[in-house]
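Visitor: For reference, the chains in residue letters:
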Amino acid sequence: MLAKRIIPCLDVRDGLVVKGVQFRNHEIIGDIVPLAEKYAEAGADELVFYDITASSDQRVVDKSWVTRIAKVIDIPFCVAGGIKTLEDAQTILEMGADKISINSPALANPELITQLNQRFGKQCIVVGIDSYFNADSNTYEVYQFTGDEKRTQNTGKQTADWVKEVQQRGAGEIVLNCMNQDGVRKGYDLAQLQNIRAICSVPLIASGGAGEMVHFKDVFEQANVDGALAASVFHKGIIAIPGLKQYLIEQQIEIRPCA
Amino acid sequence: MSQNLVIVHTGCANISSLQFAVERLGYKVLVTDDPAKITAADKVFLPGVGAAAAAMQQIAEKGLTDCLKALTQPVLGICLGMQLLTHHSQEGDAECLGLVDTQVKLMQSDTLTLPHMGWNQIQVAQDSPLFHNIDSGSWFYFVHGYCVPVGPHTLASTEYSQPFSASIRNNNVFGVQFHPERSGDAGAQLIKNFIEQI
Chain A
1 MLAKRIIPCL
11 DVRDGLVVKG
21 VQFRNHEIIG
31 DIVPLAEKYA
41 EAGADELVFY
51 DITASSDQRV
61 VDKSWVTRIA
71 KVIDIPFCVA
81 GGIKTLEDAQ
91 TILEMGADKI
101 SINSPALANP
111 ELITQLNQRF
121 GKQCIVVGID
131 SYFNADSNTY
141 EVYQFTGDEK
151 RTQNTGKQTA
161 DWVKEVQQRG
171 AGEIVLNCMN
181 QDGVRKGYDL
191 AQLQNIRAIC
201 SVPLIASGGA
211 GEMVHFKDVF
221 EQANVDGALA
231 ASVFHKGIIA
241 IPGLKQYLIE
251 QQIEIRPCA
Chain B
260 MSQNLVIVHT
270 GCANISSLQF
280 AVERLGYKVL
290 VTDDPAKITA
300 ADKVFLPGVG
310 AAAAAMQQIA
320 EKGLTDCLKA
330 LTQPVLGICL
340 GMQLLTHHSQ
350 EGDAECLGLV
360 DTQVKLMQSD
370 TLTLPHMGWN
380 QIQVAQDSPL
390 FHNIDSGSWF
400 YFVHGYCVPV
410 GPHTLASTEY
420 SQPFSASIRN
430 NNVFGVQFHP
440 ERSGDAGAQL
450 IKNFIEQI
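Residue numbers (my numbering), protein chains in the order written: chain A, 1 to 259; chain B, 260 to 457.
Some hints here could point you the wrong way.
These stretches of chain A come out as covered by chain B in the derived footprint (C-beta under 8 angstroms, 3 or more residues) [to be verified]:
hint	segment
1	121-134
2	200-206
3	241-250
Keep in mind that the hints were calculated from the coordinates and are not lab data. For each residue, glycine too, the CB sits at the ideal point set by N, CA and C.
Okay, chain A solo, but in the shape it has when bound (with noise of 0.2 angstroms):
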């Protein structure tokens, strides 16, 4: 059986791991990459890397780090933020990552995702949305620039019509990031990942909410996703990855068990 994967994933601004609270006031949490080897120490299945400062800033970032991460882990990281051509992708892809991410640059261009799955495959496409529940309109939808909250806007896409294109258009992962839950640890938004599910073909991670381990059952069990993302919750030691692998474990859960 697959393994549901647990995923912690690191905000990267100026080549540091931050952490902000619904994407605002970003603190220090250390530097990349002794954070990813006490992760894939400490039994994480994956990693990801955003750099949430890249597609904002509209700079050519330096990605050296990608490279010294590529070095020490040994499981699979994705990497986000400012890919906006193939050239971008393969330069990341070549420097030891193993899949790329894309969120604002998809948006300004989706012939990108359709470029990116015939020049790499599928499998190494990952896209990530930002989606936000608009308690007015009673729906979702899709925001960007989230990573500069001077930036950040509402593209007037609704949340499920752009999962639905982007898997047209190759996406070989969905990262759906739930804007409201972000970083207040209340859970994971289970009715919104189970209307996504229910329309998703292709591998969905779970972002945003996770705060105690019985989220991770909830999302698993209820939302049926592949995997969960979380930051802030490994970052300040409030889950152990080992102590919630034996806890998924106890319920029956199919997880991958630390070494």
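Dock chain B against chain A, hints included.
Guide: Chain B only, in chain A's frame:
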């Protein structure tokens, strides 16, 4: 024991991660697309991520097709690199290297998500030095949407909707569908086995 290890620079591969995994074991490895250096190697890694048709085209453009077909030393194809060892891939209707007598098919499932992405367990089907000290039930990391069916060439299998070849072999030519360079301790053991046991 000093060996001349080579990783074929296919141009569309996650080459660095494999290079680093070999180096973590204490070995030097050369990444090259020079046919003479590939031919002269003691062992050859053929890595790959991406689409089969694009990879075969890159191999052809680099003038490597005949070189790779003629290798007599141990070869380890990884992920797409393994699929390129077969006769044909359904992905882009690509003619492949034809070193292992099988074909690559699209994975299909009515109930499970595709591509097959994540950690899954292998069942060792045949004794092989490649799986020295690696037990059935060991976990490896997979990322692929196409697969090689189970057959006489299967060294290890994995179940996802249906069983498929996690590893194949024909004489000197080995392949693994998973990514040993990203599969923790078991993956490191497999790379070590290819270098030291074969």
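Visitor: Could you run down the list of hints and mark each one as holding or not?
Guide: Consistency of the hints with the structure:
With 4 residues carrying a beta carbon less than 8 angstroms from a beta carbon of chain B, the segment 121-134 of chain A meets the three-residue requirement, and the given coverage holds. As drawn, the segment 200-206 of chain A meets chain B at 5 residues by the rule of a beta-carbon pair under 8 angstroms; at three or more, the given contact holds. Remark: the segment 241-250 of chain A is not confirmed as covered by chain B, as 0 of its residues place a Cβ nearer than 8 angstroms to a Cβ of that chain, below the required three.
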